[in-house]
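**Q** Numbering of the sequence shown is given in our numbering, commencing with residue 89 and proceeding in unit increments.
Derived from the structure by calculation, the hints contain no laboratory data.
Note that the structure is a prediction, hence the values are computed from the model and not measured.
No residue lacks a Cβ here, since even glycine has one placed at the ideal position from N, Cα and C.
Each hint can be trusted.
Heads up, simulated DMTMM-like pairs for lysine to aspartate or glutamate below, C-alpha to C-alpha not over 20 Å straight-line:
| no. | residue 1 | residue 2 |
| --- | --- | --- |
| 1 | Lys193 | Asp212 |
| 2 | Lys167 | Asp116 |
| 3 | Lys167 | Glu130 |
| 4 | Lys107 | Glu95 |
| 5 | Lys193 | Asp219 |
| 6 | Lys107 | Glu141 |
| 7 | Lys200 | Glu137 |
| 8 | Lys140 | Glu95 |
| 9 | Lys104 | Glu141 |
| 10 | Lys140 | Glu108 |
| 11 | Lys167 | Glu151 |
| 12 | Lys140 | Asp176 |
| 13 | Lys221 | Asp191 |
| 14 | Lys140 | Glu105 |
| 15 | Lys193 | Asp164 |
| 16 | Lys193 | Glu210 |
| 17 | Lys200 | Asp176 |
| 18 | Lys200 | Asp164 |
| 19 | Lys193 | Asp115 |
Computed beta-carbon distance windows for the label pairs:
| no. | residue 1 | residue 2 | range |
| --- | --- | --- | --- |
| 20 | Cys215 | Glu137 | 36 to 44 Å |
| 21 | Phe218 | Leu111 | 15 to 23 Å |
| 22 | Asn98 | Phe218 | 27 to 35 Å |
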Amino acid sequence: EPMTVSELRNQVLLFKEEKELELIVVDDLLALCGGVGSRYNEVLSSLRELAKETDTVVVVAAEIDGAFGFEVSLCDVQKMGINERLADTIMFLGRGGEAACSDVKVSVARQKGGPSGSVTLEFDERCLRFDNKLVCDED
Numbered sequence: 089e090p091m092t093v094s095e096l097r098n099q100v101l102l103f104k105e106e107k108e109l110e111l112i113v114v115d116d117l118l119a120l121c122g123g124v125g126s127r128y129n130e131v132l133s134s135l136r137e138l139a140k141e142t143d144t145v146v147v148v149a150a151e152i153d154g155a156f157g158f159e160v161s162l163c164d165v166q167k168m169g170i171n172e173r174l175a176d177t178i179m180f181l182g183r184g185g186e187a188a189c190s191d192v193k194v195s196v197a198r199q200k201g202g203p204s205g206s207v208t209l210e211f212d213e214r215c216l217r218f219d220n221k222l223v224c225d226e227d
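With the hints as extra help, turn the sequences into a complete structure.
**A** In structure tokens:
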């Protein structure tokens, strides 16, 4: 059973009383919305308030429907009904067309007060990490 925003808030506040907390990661926005996509903006607003209240960074991941294709943009975020102005930074992660492809394209589509652009990372299986690939493209 996915957690609600108020349950997440309560757990974060309890955790923060005992330990230092600098980062909150929500790995599935739709699940936190109770499976209802029309609640995206409500939930994102609540998470933004939680970040301010607890002085933490909140990272939210949302899967964009494959119908949009490999190259996604802020327009695709808007098609989902998400107000992109609720985020300080919007990044897209995408893999190459091959299932076994070890390359991941990271595109910063919006960054409040910062640059946007893309970089391709390559997965290094020996170290289980992503490294910069020499190819870098500016948008």
